[in-house]
Amino acid sequence: MDKKSYRSETCVQRSRRHFLSHLGGLAALSTPFTSFTNSLLANAEELKKQHKSAILLWMGGGPSTMDIWDLKPGQATGGPFQQISTSVDGIAISEHMPMTAKQMHHLAIVRSMSTREADHQRGRYYMHTGFVPNPNVEHPGYGSLIAHELATAVPSLEIPPFVSVGGGSVGPGFLGTTWAPFVVSSQGDVKNLESSVSQERLVSRLQMLAAIENRFIQERRGQLPEDHREVVGKSVQLMSSSQLAAFQVSEEPASVQERYGETDFGRGCLMARRLVEVGVPFVEVNLGGWDNHSNIFGTLADQRLPNLDRAMSALIADLADRGILDTTAVIWMGEFGRTPTINGNGGRDHWARSWSAVVGGAGFNRGVVVGETSADGREVASEPYSSQDLMTSVLKALDISLETTFRAKNGRPMKIANGGQVIPGLFS
Amino acid sequence: MIRKYPRKYGGLTSRVEGRLYSASMVLFVFLYHAMPLYADNSSALPQVAFIDSQIEAAWADANIEPVEQATDLEWCRRVYLDLIGRIPAVDEVLQYKNDSSRNKQSVLIDRLLGAEYSYEYAKHWSNVWTTILVGRDTDNRMIDRDGMRKYLQSAWESNIPYDQFVEELLTATGDNATREESTLFNGATNFLSGKLADGGLQATAKTAQIFLGLQVQCTQCHNHPFNSGVKQNQFWELNAFFRQTRALRRFDGGRRVAWIELVDEDFAGQGGDPNEAEIFYELRNGLVKVAYPVFVDGTEISRSGLLPGVLDDGTPYGVNRRRELATLIRSNPLFPKAVVNRVWAYFLGYGFIAPIDDFGAHNPPTHPALLDGLSQRFAEYSYDLKSLMRWIVLSRPYSLSSRMKARSTTDAPDSGEQPHFSRFYVRQMQPEQLYDSLLVATEADHSEAAGRQDRWLSQFVTAFGTDEGDSSTTFNGTIPQILMLFNGDLIQAATSLDQDGFLDQVVAANQTNRDKINALYVAALARWPSSSELRYANHVLLARKGQVKEALQDVWWALLNSNEFILNH
Chain H
-16 MDKKSYRSET
-6 CVQRSRRHFL
4 SHLGGLAALS
14 TPFTSFTNSL
24 LANAEELKKQ
34 HKSAILLWMG
44 GGPSTMDIWD
54 LKPGQATGGP
64 FQQISTSVDG
74 IAISEHMPMT
84 AKQMHHLAIV
94 RSMSTREADH
104 QRGRYYMHTG
114 FVPNPNVEHP
124 GYGSLIAHEL
134 ATAVPSLEIP
144 PFVSVGGGSV
154 GPGFLGTTWA
164 PFVVSSQGDV
174 KNLESSVSQE
184 RLVSRLQMLA
194 AIENRFIQER
204 RGQLPEDHRE
214 VVGKSVQLMS
224 SSQLAAFQVS
234 EEPASVQERY
244 GETDFGRGCL
254 MARRLVEVGV
264 PFVEVNLGGW
274 DNHSNIFGTL
284 ADQRLPNLDR
294 AMSALIADLA
304 DRGILDTTAV
314 IWMGEFGRTP
324 TINGNGGRDH
334 WARSWSAVVG
344 GAGFNRGVVV
354 GETSADGREV
364 ASEPYSSQDL
374 MTSVLKALDI
384 SLETTFRAKN
394 GRPMKIANGG
404 QVIPGLFS
Chain Z
79 MIRKYPRKYG
89 GLTSRVEGRL
99 YSASMVLFVF
109 LYHAMPLYAD
119 NSSALPQVAF
129 IDSQIEAAWA
139 DANIEPVEQA
149 TDLEWCRRVY
159 LDLIGRIPAV
169 DEVLQYKNDS
179 SRNKQSVLID
189 RLLGAEYSYE
199 YAKHWSNVWT
209 TILVGRDTDN
219 RMIDRDGMRK
229 YLQSAWESNI
239 PYDQFVEELL
249 TATGDNATRE
259 ESTLFNGATN
269 FLSGKLADGG
279 LQATAKTAQI
289 FLGLQVQCTQ
299 CHNHPFNSGV
309 KQNQFWELNA
319 FFRQTRALRR
329 FDGGRRVAWI
339 ELVDEDFAGQ
349 GGDPNEAEIF
359 YELRNGLVKV
369 AYPVFVDGTE
379 ISRSGLLPGV
389 LDDGTPYGVN
399 RRRELATLIR
409 SNPLFPKAVV
419 NRVWAYFLGY
429 GFIAPIDDFG
439 AHNPPTHPAL
449 LDGLSQRFAE
459 YSYDLKSLMR
469 WIVLSRPYSL
479 SSRMKARSTT
489 DAPDSGEQPH
499 FSRFYVRQMQ
509 PEQLYDSLLV
519 ATEADHSEAA
529 GRQDRWLSQF
539 VTAFGTDEGD
549 SSTTFNGTIP
559 QILMLFNGDL
569 IQAATSLDQD
579 GFLDQVVAAN
589 QTNRDKINAL
599 YVAALARWPS
609 SSELRYANHV
619 LLARKGQVKE
629 ALQDVWWALL
639 NSNEFILNH
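Quick note, the sequences are listed as chains H and Z, same order.
Residue numbering for the first sequence follows the numbering used here, starting at -16 and increasing by one per position.
Residue numbering for the second sequence follows the numbering used here, starting at 79 and increasing by one per position.
Hints may contain errors.
[What the hints assert, rightly or not] Think about it this way: if two alpha-carbon atoms lie no more than 20 Å apart in a straight line, the pair counts; the simulated SDA-like pairs of lysine to any residue are: (1) H/K174 x Z/K483; (2) Z/K483 x H/E202; (3) Z/K483 x H/R198; (4) Z/K623 x H/K174.
Think of the hints as simulated: they come from the structure by calculation, not from any bench.
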């Protein structure tokens, strides 16, 4: 166990009370410290049951969904993989996803995703935000947006409301730095948490810091100085939080760790469950390596899919067993799919026109397939759905108002999720 | 004080060129003061006057009043950060403060761009350009970052003209890393060494993006969706210029790649006829088309894939495609514009075009005449980057305060409005600037700093996991960065009381506590504390019950952690 990463709970709690008694007079850094104090008063257990969360399993690079969720066996485009039946009659998925197949009754596949961004950077932005990149405004991604909408329901939360395991997400855009992803590795090691001085000295350092920060803010130099003060407050809160234990996957029984898989993605999924349990509204877990321009089938069968299958199935089953799947939306997607045509190097290239995403939990219908593609997978053969539509549906599943509108400083109103339409098949 | 790169001021320097330089400055200052009709020094340069008139005209059109000038010392801190990548040390602040000459701004700029700071200037711009050319990923075996830096350091120390710089990057051959007993080292090869996979897709995209401001990466598969100026065939025709180039993995006995050798070789073409060396690419509908080297402006070069040579009968044949490409890029009108826009955005926070590398009819510039005029002057000035920087930092928009007149303003590019440059936009220091500024603050030894800097930076870099090797940095004002500055190794070194460190010198100085606090403020923020800040500092002194060392350590920690320290303002 990494001693630097966190301290034992009792010690932390005792020192926190001590710490707080010193911070009482620190009106200067008021906002963050007020919420800090309030959080102690809240009944954490009670709130835990009410809060909603979302977990995004982000497949960086653009996974070949027609080799995973929407197979075309026998077609020239189909590749060598066979389908297997699942826990839901009539739904079949890839033979390399046997454990997830047993959890199908918790999930819904959207087989009619159709987008236009087939460049990694643009696709990542578009699928995370619901907007195509625009030089004049940066839009918030799923994590920042959902954390922004749901964090107030969890006043007891002391760790950041948007955690990105393994990076690869997009930023908070116009919502500002305070909603930026908190990026950790799957080892959960949060660096630099230990102060090298006594708490008494730390308090006087923070008071001095507050004097300098506040003076600079009062000089009206824009948003960044204010954001800095707020993030300082959150960092102080994090340094003394017992909730940091949620990052420590190694505290789980060995059998649970094994169930998720001893991989970065497995540990990331397990960490996501632990974070959701303490109230974190949004966790993104990154699994890269889907940009398979060559030798796609060997790579998928031997590496990517076994890793994905183990961790994803363990996460879904675990959330369900613990009764928190009903309040936790799970989203599986990448920036796009891959070409039905298999290229000369035995790979598939970027393809946005017809691909699949998967959702589950929260308010979603379970055990269903929405939409379909043509026999060879080149076209969507039903109503096509966009990033906006998927995002709107996720928000609905989390009971976030679809009427939410953001107003940029210039007064331009911007509808949440770019005004997408709810995907009807995902709700009853 | 221990400094590896001595800086001497307060009189004539010991070096001959320094003496000449200072002597000519004295003469200049004398003449300058003898000419009473001359206005302030910045308008002495016509290029500066041009920038000011263009920006002021745009203010008038938009009915915007600029804010007041930044204070002397705010401006001083800014130019040290922007030109040489670190904050000024205490003696440097005091020297500027005590300079009473009317053209003190020009004097400082000339010094920062002159021989005295040549090493630090080159080191800073080598960091900036390493990120532009090869990104921040430190794991790529096909790139030797030290080799890249060595090349950039020497190129920028010699103030290489920008057009020659780009030509060297585009045409480089040789080893990408230094080795004993080898003379083949050419660090410039690192620009292309990691971009040649899959027929050079990255080389094509990055060359167009960095040097021409054209985003062509998506046209690999289809015509550009909204820039009608870029078609799919153009991507592959540009790509064809890189087909003679190969990055050869070289091994030092083991299986690990030891270095990369970039070479030009004859290209037989995918059809097998080297005199018509074509490549094939696929349209979305599956049709296969053919491409030969044709530049984005439509200029065709020889289709031969053979490198230049001479037949027995004396007839020359063949062509070096990369050399031809470098020549075509240098003479393209977008070439100076792309870099002027980049440099402007670096100093003023926003480009005339945003994103800075997305030129085209779909994305018109905010100040077209200024972009054109400045680009033209830059080209006329032999692509001299130091001149371009001098014009920009002496201009009025760069000299403005970052304080707004009211809580809100119509000049708000951070909320999607077009920038008017009527105030200085506050921004985060780059990680390298912070690192070097903390070194100034610690008076630490600079040796081996580059390697340590890479390791330190790598904790903030996360890769996106695509074949293109993109990455992002969490060094963006978020919690990990704050925690690093609260408790990390670097801050512990900066606030340590080790002998001869900066803090130790302040503690040991024969001064009042108040003067010591002042010294800390000048060192971190290039200003003196306000009366209320002094009161807080006194609280800290009281709280430490006479432990002055510890109290100063606490104040110093707070200063280095403040928004005012970490922001360029």
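Verification of the supplied hints:
Simply put, H/K174 and Z/K483 have alpha-carbon atoms about 40 Å apart, too far for the 20 Å limit, and the pair is violated. Pair hint Z/K483 plus H/E202 holds up; C-alpha atoms about 9 Å apart against a cutoff of 20 Å. At roughly 16 Å between alpha-carbon atoms, Z/K483 and H/R198 fall within 20 Å of each other, so this suggested pair holds. For the hint linking Z/K623 to H/K174, the alpha-carbon distance of about 32 Å lies beyond 20 Å, and the restraint is violated.
Of the hints listed earlier, those the structure fails to meet are numbers 1 and 4, in rising order.
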